[in-house]
Amino acid sequence: MFRGLFGNFRWGVLPVPGRVIAVVFFVIIFVLPLITDDRSTLHMITLASIFAIFAVSWDVLSGYTGQVNFGHALFFGVGAYSSGLLYRFLGWDPAVTVPLGALIAALAGVVTCLPALRLRGPYLSLLTLAFPLLLAEIVRAIPPEIAGGYVGITGLPRLAATPMGRYYLCVVIMLVAVLVMWKLTDAGSKYVRTGLIFHAVREDEIAARATGINTIRYKILAFAIGGFFGGIAGALYAHLLTVAGPGTLGIMMSFQAIIWVIFGGIVSIYGAVVGVFTLYPLVELLRGTPVHDYRFLIMALMVIIILLFMPEGIAVRIRDKIERQCPRCKLSNASWRRQCRACSADLRYVADS
Amino acid sequence: MAAFFEVENLTKRFGGLVAVDNVSFSIERDEIVGLIGPNGSGKTTLVRCIIGILSPTSGRVRFKGQDITHWRPWKVVQAGLAGTFQVVKPFRRLPVIANVMVGCLCPRITRRGEWVKSTPVKARDALEFVGIMDRALEPAANLSHGDLKRLEVARAISTEPELLILDEPFGGLNPAETDLVAKSMKRLHKGGRFGRLHSEGPAMLIIEHKLSDLMKIVDKVLVLNYGQLIAYGPPEEVVKDPAVIEAYTGKEVPIA
Ligand SMILES: Nc1ncnc2c1ncn2[C@@H]1O[C@H](COP(=O)(O)OP(=O)(O)OP(=O)(O)O)[C@@H](O)[C@H]1O
Ligand SMILES: [Mg+2]
Chain U
2 MFRGLFGNFR WGVLPVPGRV IAVVFFVIIF VLPLITDDRS TLHMITLASI
52 FAIFAVSWDV LSGYTGQVNF GHALFFGVGA YSSGLLYRFL GWDPAVTVPL
102 GALIAALAGV VTCLPALRLR GPYLSLLTLA FPLLLAEIVR AIPPEIAGGY
152 VGITGLPRLA ATPMGRYYLC VVIMLVAVLV MWKLTDAGSK YVRTGLIFHA
202 VREDEIAARA TGINTIRYKI LAFAIGGFFG GIAGALYAHL LTVAGPGTLG
252 IMMSFQAIIW VIFGGIVSIY GAVVGVFTLY PLVELLRGTP VHDYRFLIMA
302 LMVIIILLFM PEGIAVRIRD KIERQCPRCK LSNASWRRQC RACSADLRYV
352 ADS
Chain A
493 MAAFFEVENL TKRFGGLVAV DNVSFSIERD EIVGLIGPNG SGKTTLVRCI
543 IGILSPTSGR VRFKGQDITH WRPWKVVQAG LAGTFQVVKP FRRLPVIANV
593 MVGCLCPRIT RRGEWVKSTP VKARDALEFV GIMDRALEPA ANLSHGDLKR
643 LEVARAISTE PELLILDEPF GGLNPAETDL VAKSMKRLHK GGRFGRLHSE
693 GPAMLIIEHK LSDLMKIVDK VLVLNYGQLI AYGPPEEVVK DPAVIEAYTG
743 KEVPIA
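Protein chains in written order, with my numbering: chain U, 2 to 354; chain A, 493 to 748.
By construction, these hints were calculated from the structure, which means they are not laboratory data. Ideal Cβ positions, reconstructed from N, Cα and C, are used throughout, including at glycine. Be aware that a few hints might be false.
[As the list claims (entries may be wrong)] To give an idea of the interface, some chain U residues facing chain A are shown, with a C-beta separation under 10 Å as derived from the structure: (1) 145; (2) 192; (3) 198; (4) 200; (5) 204; (6) 209; (7) 210; (8) 211; (9) 330.
[Stated by the list, open to error] Here are the simulated BS3-like pairs of lysine-lysine, each with C-alpha atoms no more than 27 Å apart in a straight line: (10) 567/A x 191/U; (11) 184/U x 609/A; (12) 609/A x 191/U.
From just these sequences and the hints, can you work out the full model?
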């Protein structure tokens, strides 16, 4: 069922022109508050950063490790609610509740993973789909004085006093979180073996086992990583909006992550970031315009077009256009180079992939 | 003194079908043993029970003095027993070399002090050893069946086993390639270093359909038929064994 989704990806680090674009992107994000102090723009990018953490964490678990999770909102919601509850009952600061919320979400990842270990493919996905819905029902069922019922836990302290402070906090956390997840999943890494092993577990679990990989341990690890970063996103979200509500556990939240990642490009990390920073602002900017009511329809159409014409995802497709692999050493080069930057092999006659 | 590797009364049932029927044998540290038998005689099932992919219905498997029956496959590999698959199972979308690098990450090796950094070099030496180094950077899905068979072998030897079980390693190879792989298996069996690839000089259990490919390299041959062990001994004797001839020519075995 999911075979087709993964396509033929390129693995390795973000090279040459792609790297330049990534740097430019982050520079723009960092100087944006100096150019404009429009609160809604800043708020939008702040939220996009939070969602980028969330989407990338889905990519690590589902794209890299192949444990396709339809209920990733569980981690978002657990992060949001645990930091909310920690504040409500212990009065702790976001500086404490956010990391703790993330740890609790990682624990939730491990716990959901245990029944999920025996399942594979669509069965796993359907099981995971149920978890956040179940938790949302539980939250609504317990007395509102504890978990806030239908409204959620309100009155949480803000992350920072000013919009600019919140903006920089979220952007920096996003940058660090994405870099960490990128390193953890980098199959070419000289120091971390998780990337290669995640790939192996996705490609063929039985073969990975027979090659000496404790696949159970690494699946649990993937769920914990997915849960941890999903939880950070949820906790930041709750403190940003000052409320941890049942919407964080909703089906929409789970599927948005999937849509963002597939739009940008699965199994690539940067694709997830591109997906979020394209689709989320798009929907937000259409708010209040004449097509306001159709904004999700427009997003759906864009996603369908991408799935039909570039199933590998928009960011991955663009990267394929601007970069070319050296046929000899497989190093990525800008597609307009004539010679490989490392082995100086002739690149002029390499066919576009 | 317990044998290096020992299978004792191993039985595996699939519902009513007895695929492996009360099989017992042992392998010494310095042996290369062949396992032959007609189609569907239970060779692959026997191996899968040994390396922990299937759980045997009854019986014991002992390796280096430990009872490894029902162990998880990765524990078995980490103990020093690696196997290949008859139906190849490469990591299809990973480059060929990455397939082997996964084997180099086995805790058995990293515990000895080799670190992740050295895996690409070592994986390259393993590919060199089986002779598919020139395809190292292609996705494994591009390889021909014969090359995938060799990739299976490379991945298994990269975990540095002390007992190597090969399930039809020559399937899909032409006679020249068969000869080449058979020779390199002999070299591996002697042990030593091949570049960065370290060989413990593993004992081997090689499964084949026909004995002819094995004759030259094996010390002993096991013959399975309908899940039962019908002969065990040096290859020259086994080919003369009437029961074996019966099994292969398919005549009714006279009631003894
Ligand atoms: N998972 C399974 N479920 C049910 N029956 C099985 C299973 N695996 C194997 N069998 C049956 O067990 C018997 C032995 O099969 P096995 O694959 O071990 O034979 P083999 O000796 O390896 O044959 P070949 O020479 O064709 O590789 C066959 O009759 C097969 O149909
Ligand atoms: Mg077989």
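Hint by hint, here is what the structure shows:
1. With 10 Å as the threshold, the beta carbon of residue 145/U stays out of range of chain A, its nearest partner Cβ sitting at about 47 Å, so the hint is violated.
2. Look at residue 192/U: its Cβ gets to within about 6 Å of chain A, closer than 10 Å, so that hint holds up.
3. Annotation: interface hint on residue 198/U holds; nearest CB of chain A at approximately 7 Å, less than 10 Å.
4. A cut of 10 Å between beta carbons decides the hint on residue 200/U: the least distance to chain A is about 6 Å, and the hint holds.
5. A least Cβ separation of about 4 Å between residue 204/U and chain A falls short of the 10 Å threshold, and the interface hint therefore holds.
6. Interface hint status for residue 209/U: upheld, as the beta-carbon distance to the closest one in chain A is roughly 7 Å, under 10 Å.
7. The beta carbon of residue 210/U comes within 4 Å of a beta carbon in chain A, closer than 10 Å, and the hint placing it at the interface holds.
8. At its closest, the beta carbon of residue 211/U sits 5 Å from a beta carbon of chain A; the interface hint therefore holds under the 10 Å criterion.
9. Given the 10 Å rule on beta carbons, the hint for residue 330/U holds: about 8 Å separates it from the nearest Cβ of chain A.
10. Distance restraint check for residue 567/A and residue 191/U: the Cα-Cα separation of roughly 25 Å lies within the 27 Å cut-off, and the hinted pair is therefore satisfied.
11. Among the hinted pairs, residue 184/U with residue 609/A is consistent with the structure: their alpha-carbon atoms are about 15 Å apart, no more than 27 Å.
12. Note on residue 609/A and residue 191/U: the hinted pairing holds, with a Cα-Cα distance of about 5 Å set against a maximum of 27 Å.
Hint compliance for this structure: hint 1 is the single one not met.
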